[in-house]
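Trainee: Chain by chain, the residues:
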Amino acid sequence: MIDAILELRSVRKTYSGVTAVDGISVALSSGEFLSFLGPSGSGKTTTLAMIAGLVEPTGGDILLKGQPLNPLPPYQRNIGFVFQNYALFPHMTAAKNVAFPLEMRRIPRAEIEQRVARVLSLVGLATYGSRLPSQLSGGQQQRVALARAMVFEPPLLLMDEPLGALDKKLREQMQLEIKQLHRKLAMSIIYVTHDQEEALMMSDRIAVFNNGRIEQIGTPPDLYEHPQTRFVADFIGETNLFPGTVAEVAEGYCKVNGGGLELRARNGGSIKSGQKVFVAVRPERAMLCDPGKTAEPCENRVIGEVSEAVYLGRSRKYVVRAGGAEVTVVQQIGSRLDTAFSIGDAVAVRWKAEDSTAISDFELSGIT
Amino acid sequence: MRPSSRTETWWRGLRITITVLLVIFLVAPMLIVVVISFSSAQFLMFPPPSLSMQWYHKLFGDPAWIDSLIASIEIVVPTGIVAMVLGTAAALGLARGDIPGKRIITGVLMAPIVVPVIIIAAAIFGAFRTWNLNGTLPGFILAHTVLTVPYVVSTVLASLQMVDERYEHAALTLGAPPWTVFHRIVLPLILPGMLSGLLFAMVISFDELVVSLFISSPTFRPVTVQMWSDVLGDVDPTIAAVGTLLFLFSLLVLLLEAVMRRAGITSPLVGQS
Numbered sequence: 001m002i003d004a005i006l007e008l009r010s011v012r013k014t015y016s017g018v019t020a021v022d023g024i025s026v027a028l029s030s031g032e033f034l035s036f037l038g039p040s041g042s043g044k045t046t047t048l049a050m051i052a053g054l055v056e057p058t059g060g061d062i063l064l065k066g067q068p069l070n071p072l073p074p075y076q077r078n079i080g081f082v083f084q085n086y087a088l089f090p091h092m093t094a095a096k097n098v099a100f101p102l103e104m105r106r107i108p109r110a111e112i113e114q115r116v117a118r119v120l121s122l123v124g125l126a127t128y129g130s131r132l133p134s135q136l137s138g139g140q141q142q143r144v145a146l147a148r149a150m151v152f153e154p155p156l157l158l159m160d161e162p163l164g165a166l167d168k169k170l171r172e173q174m175q176l177e178i179k180q181l182h183r184k185l186a187m188s189i190i191y192v193t194h195d196q197e198e199a200l201m202m203s204d205r206i207a208v209f210n211n212g213r214i215e216q217i218g219t220p221p222d223l224y225e226h227p228q229t230r231f232v233a234d235f236i237g238e239t240n241l242f243p244g245t246v247a248e249v250a251e252g253y254c255k256v257n258g259g260g261l262e263l264r265a266r267n268g269g270s271i272k273s274g275q276k277v278f279v280a281v282r283p284e285r286a287m288l289c290d291p292g293k294t295a296e297p298c299e300n301r302v303i304g305e306v307s308e309a310v311y312l313g314r315s316r317k318y319v320v321r322a323g324g325a326e327v328t329v330v331q332q333i334g335s336r337l338d339t340a341f342s343i344g345d346a347v348a349v350r351w352k353a354e355d356s357t358a359i360s361d362f363e364l365s366g367i368t
Numbered sequence: 001m002r003p004s005s006r007t008e009t010w011w012r013g014l015r016i017t018i019t020v021l022l023v024i025f026l027v028a029p030m031l032i033v034v035v036i037s038f039s040s041a042q043f044l045m046f047p048p049p050s051l052s053m054q055w056y057h058k059l060f061g062d063p064a065w066i067d068s069l070i071a072s073i074e075i076v077v078p079t080g081i082v083a084m085v086l087g088t089a090a091a092l093g094l095a096r097g098d099i100p101g102k103r104i105i106t107g108v109l110m111a112p113i114v115v116p117v118i119i120i121a122a123a124i125f126g127a128f129r130t131w132n133l134n135g136t137l138p139g140f141i142l143a144h145t146v147l148t149v150p151y152v153v154s155t156v157l158a159s160l161q162m163v164d165e166r167y168e169h170a171a172l173t174l175g176a177p178p179w180t181v182f183h184r185i186v187l188p189l190i191l192p193g194m195l196s197g198l199l200f201a202m203v204i205s206f207d208e209l210v211v212s213l214f215i216s217s218p219t220f221r222p223v224t225v226q227m228w229s230d231v232l233g234d235v236d237p238t239i240a241a242v243g244t245l246l247f248l249f250s251l252l253v254l255l256l257e258a259v260m261r262r263a264g265i266t267s268p269l270v271g272q273s
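Chains A and B, in that order, give the protein sequences.
So the first sequence is residues 1 to 368, counted in my numbering.
So the second sequence is residues 1 to 273, counted in my numbering.
The hints are simulated quantities; they were obtained by calculation from the structure and are not laboratory data.
Keep in mind that this is a model prediction, so the values were computed, not measured.
Hints may be right or wrong, so weigh each one.
[As the list claims (entries may be wrong)] Residues of chain B clear of chain A, computed beta-carbon distances all greater than 10 Å:
(1) ILE66
(2) PRO112
(3) ALA127
(4) PHE128
(5) ARG129
(6) LEU142
(7) PRO178
(8) THR180
(9) THR219
(10) THR238
(11) VAL259
[What the hints assert, rightly or not] Derived lysine to any residue pairs resembling SDA-like cross-links, with alpha carbons at most 20 Å apart:
(12) A:LYS96 with B:PRO177
(13) A:LYS96 with B:THR180
(14) A:LYS96 with B:HIS169
(15) A:LYS352 with A:ARG301
(16) A:LYS96 with B:VAL181
(17) A:LYS179 with A:GLY164
(18) A:LYS96 with B:PHE182
(19) A:LYS96 with B:TYR167
(20) A:LYS184 with A:GLY164
(21) A:LYS96 with B:ARG184
(22) A:LYS96 with B:TRP10
(23) A:LYS96 with B:HIS183
(24) B:LYS102 with A:TYR15
Heads up, the beta-carbon is just placed ideally off N, CA and C, and yes, glycines get one too.
Let the hints inform the model, and build the full structure from the sequences given.
Mentor: Here you go:
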């Protein structure tokens with residue numbers, strides 16, 4: 001990639017024999033918002049710390065604007081970093097905190113004052129400069145931390161679960177604000193989170209981390225609609241997974257037999273005939289109907305019995321027991337297909353082949 | 001399970017009684033010494049027949065006492081400073097450094113608190129005899145530094161635990177080289193711990209007798225040694241006057257420490273976790 005602002009080439013980190021990061025390669029284009037999404041211990045924060053220079057990689061290269069970063073100490077990298085618990089200096093006021101990186105760059109005092117005032121008002125804290133961190137709320141502290149990491153206009157901003165300590169409502173508000181700042185200032189951002197909704201909402205692209213590796217990287221719709229591994233399908237959103245064996249492969253689709261069902265699904269990767277796979281279907285892509293009624297044709301149709309019915313306001317959630325399998329279905333209330341079913345009702349669950357993906361089963365044999 | 005208010009009052013009464021008795025037990029002897037120091041009698045007796053300042057006059061008129069007080073100050077001030085600097089450096093290394101054998105190093109540094117003082121005293125005396133340090137100011141400073149460093153190490157370690165390592169990481173990513181990180185971020189945050197370490201070190205050095213007894217000479221002796229030899233001779237209330245001065249000094253230092261601590265809590269230096 002030519003216009004990549006940051007590039008990681010098979011970056012590895014082992015701690016006394018234990019592999020934390022196992023060959024990460026990823027490139028960030030200028031102005032892109034990339035999320036590292038994964039469970040704790042998946043290596044995303046370690047990768048971020050290696051980019052910032054706080055952790056030394058065991059192997060691999062990190063390049064910023066084509067220049068190798070490895071030989072530079074963290075204080076010469078000029079990369080903004082927003083820490084999980086803000087890490088504001090407790091003995092300095094908000095303005096002093098924000099001025100700190102500018103002082104380190106020996107910028108004249110008058111200009112420092114101007115820039116601090118400008119960035120504080122950008123994050124909506126124009127009148128809070130003289131407060132100490134302990135006199136600010138969590139959300140305000142997070143804004144100061146953001147201002148401090150942006151004020152020296154770094155080419156790259158790293159954020160390590162910056163909203164993790166905030167309550168839900170404030171977190172959602174800050175997500176929007178960060179997104180707006182990103183758009184307004186065209187910053188290149190790497191954002192670490194374990195919250196899949198947050199990643200889906202904020203990112204241009206998401207890299208899903210698992211066991212020190214990137215399982216899949218793509219745009220949010222890409223990952224949601226076309227997960228390539230079982231882990232991604234499971235981690236992002238809710239998914240029904242049907243185990244089975246591929247009977248036939250043709251034109252990007254395949255036929256899968258398993259558990260007495262015969263399913264048609266998109267080929268999620270290089271799936272071959274005879275392979276053990278999972279068929280993944282999102283609960284909101286499946287439809288419920290009365291098995292007696294004729295409805296528009298779908299490639300997949302499973303007959304079962306409603307074993308759980310929950311009303312969620314905007315939608316209804318059902319669990320349908322069909323043979324040995326359980327299928328979760330979410331129906332939008334008020335949609336054309338919405339019918340209320342109760343526990344015990346016989347139903348048909350239907351979904352289109354294009355709304356489901358066959359995913360290779362290698363994790364199953366590997367770990368669980 | 002709420003205990004009835006009657007048992008609650010009863011327990012409270014018992015707690016208060018025990019606390020008051022304990023405080024009397026601890027403080028009364030010191031107060032008696034203070035009172036005796038103002039006695040008009042020629043020997044230690046309580047209660048004194050009437051009050052007078054004669055023992056303070058005698059104390060400040062006697063060159064042996066004056067010299068030993070001066071010697072004590074000459075020892076205490078440099079000891080406190082040296083112990084603070086060395087103890088802080090050790091604490092920083094132990095808390096942040098990536099060095100092997102941390103536990104062993106900590107153990108050795110803390111040993112002077114655990115090892116019986118008489119053993120340390122004998123060892124220092126033996127070593128100083130070959131180095132000709134017995135009865136000298138540098139010898140005293142060295143010996144007292146060994147005894148007081150552990151206190152500085154533990155107070156600074158405690159305050160370093162309150163300094164999130166992420167502050168240092170944040171400062172690094174913001175462009176501060178390690179030395180700047182230390183004096184702009186770490187030092188201001190651990191300063192209260194360093195100062196209380198300094199005060200502890202000074203009180204302990206001022207109060208130290210056993211080691212001082214071994215390494216002092218007739219011409220250079222701190223005030224504790226002077227008191228000791230005075231007690232062995234004819235006892236008069238001068239000793240009570242000196243005791244009162246020592247008591248006052250410790251009290252002042254502790255008050256200072258408490259004031260600093262309070263200032264530390266209302267200012268942002270301490271209390272951030």
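Trainee: Next, verify each hint and record whether it holds.
Mentor: Verification of the supplied hints:
1. ILE66: holds (43 Å)
2. PRO112: holds (32 Å)
3. ALA127: About 40 Å separates ALA127 (chain B) from the closest Cβ of chain A, which puts it past 10 Å; holds.
4. PHE128: holds (43 Å)
5. ARG129: Its Cβ never comes within 10 Å of chain A, the nearest being 47 Å, so this holds.
6. LEU142: holds (35 Å)
7. PRO178: About 8 Å separates PRO178 (chain B) from the closest Cβ of chain A, which leaves it inside 10 Å; violated.
8. THR180: violated (7 Å)
9. THR219: holds (48 Å)
10. THR238: holds (48 Å)
11. VAL259: Fine: 19 Å to the nearest Cβ keeps VAL259 (chain B) off the interface.
12. A:LYS96 with B:PRO177: At roughly 18 Å apart (the allowed maximum being 20 Å), PRO177 (chain B) and LYS96 (chain A) satisfy the hint.
13. A:LYS96 with B:THR180: holds (15 Å)
14. A:LYS96 with B:HIS169: Holds - the C-alpha atoms of HIS169 (chain B) and LYS96 (chain A) are around 17 Å apart, at most 20 Å.
15. A:LYS352 with A:ARG301: Status holds; Cα separation ~9 Å.
16. A:LYS96 with B:VAL181: Status holds; Cα separation ~15 Å.
17. A:LYS179 with A:GLY164: holds (16 Å)
18. A:LYS96 with B:PHE182: holds (17 Å)
19. A:LYS96 with B:TYR167: Holds, at about 14 Å.
20. A:LYS184 with A:GLY164: violated (24 Å)
21. A:LYS96 with B:ARG184: Status holds; Cα separation ~12 Å.
22. A:LYS96 with B:TRP10: violated (53 Å)
23. A:LYS96 with B:HIS183: Judged against 20 Å, a Cα distance of about 15 Å means the pair holds.
24. B:LYS102 with A:TYR15: Roughly 19 Å separates the two Cα atoms, so the pair holds.
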